[in-house]
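Protein chains in written order, with the working numbering: chain P, 1 to 114; chain R, 1 to 112.
Keep in mind that the hints were calculated from the coordinates and are not lab data. Do not take every clue at face value.
[To be verified] Chain P is nowhere near these chain R residues, computed Cβ spacing over 12 Å in every case:
1. 10
2. 12
3. 13
4. 14
5. 20
6. 28
7. 31
8. 56
9. 67
10. 70
11. 71
12. 72
13. 105
14. 107
[To be verified] If the Cβ cut is set under 8 Å, some of the chain P residues that face chain R in the computed set are:
15. 40
16. 106
17. 107
We put the CB at the ideal spot given by N, CA and C, even for glycine.
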Amino acid sequence: ETGVTQTPRHLVMGMTNKKSLKCEQHLGHNAMYWYKQSAKKPLELMFVYSLEERVENNSVPSRFSPECPNSSHLFLHLHTLQPEDSALYLCASSQDSGGNQPQHFGDGTRLSIL
Amino acid sequence: KNQVEQSPQSLIILEGKNCTLQCNYTVSPFSNLRWYKQDTGRGPVSLTIMTFSENTKSNGRYTATLDADTKQSSLHITASQLSDSASYICVVTSYNNNDMRFGAGTRLTVKP
Chain P
1 ETGVTQTPRH
11 LVMGMTNKKS
21 LKCEQHLGHN
31 AMYWYKQSAK
41 KPLELMFVYS
51 LEERVENNSV
61 PSRFSPECPN
71 SSHLFLHLHT
81 LQPEDSALYL
91 CASSQDSGGN
101 QPQHFGDGTR
111 LSIL
Chain R
1 KNQVEQSPQS
11 LIILEGKNCT
21 LQCNYTVSPF
31 SNLRWYKQDT
41 GRGPVSLTIM
51 TFSENTKSNG
61 RYTATLDADT
71 KQSSLHITAS
81 QLSDSASYIC
91 VVTSYNNNDM
101 RFGAGTRLTV
111 KP
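Bound-form chain P, shown alone:
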């Protein structure tokens, strides 16, 4: 148990669907992250939130829309995705976004776009 819970674990959706990924952390951390992990490629940082404010957006297409209603919850809203968006989406949290604290990862949502 890492203290970071992601739901759902698996998601299959069509390109016209709208869905949301959820992440919840029970560690009292102030920073939360979304990553995309594709096979045999490095993790790609998508978004960083610190104290509920977005501090980093790494040129992610607008079909991905993050939301951080409080420091314990993070969502990733999905709409009109493309087949190349199929990947493992990982959420992580850390004490702060300063880079010196380890990140605690959830087990990810495996997303498949039909």
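Given chain P's structure and the hints, the job is docking chain R onto it.
The following block gives chain R in isolation, referenced to the frame of chain P:
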């Protein structure tokens, strides 16, 4: 070219044997380097973290080394177990906006 290169891409060893995974980076200015273990179907879990002044860090059977001059790190696994089968990811953080760069990982398989 990725700023963090890991080798080998994959490795198969027999249970009980030792192995060493490599991480070379060009990230600058350097802040810290972490090794993560990612089991299949799970998220990465931090194994070690090293800053510029540290050249070795152990966590049980895992020992990480860092040569900040040559910008190389290694992760040595001693007396491997079946549960060591996983992907091992090297992450280097820069002082520039705490930018983190991930390697593509080494996939280790330990066979009985």
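For which of the previously enumerated hints does the structure constitute a violation, in increasing order of number?
-> 1, 7, 13 and 14
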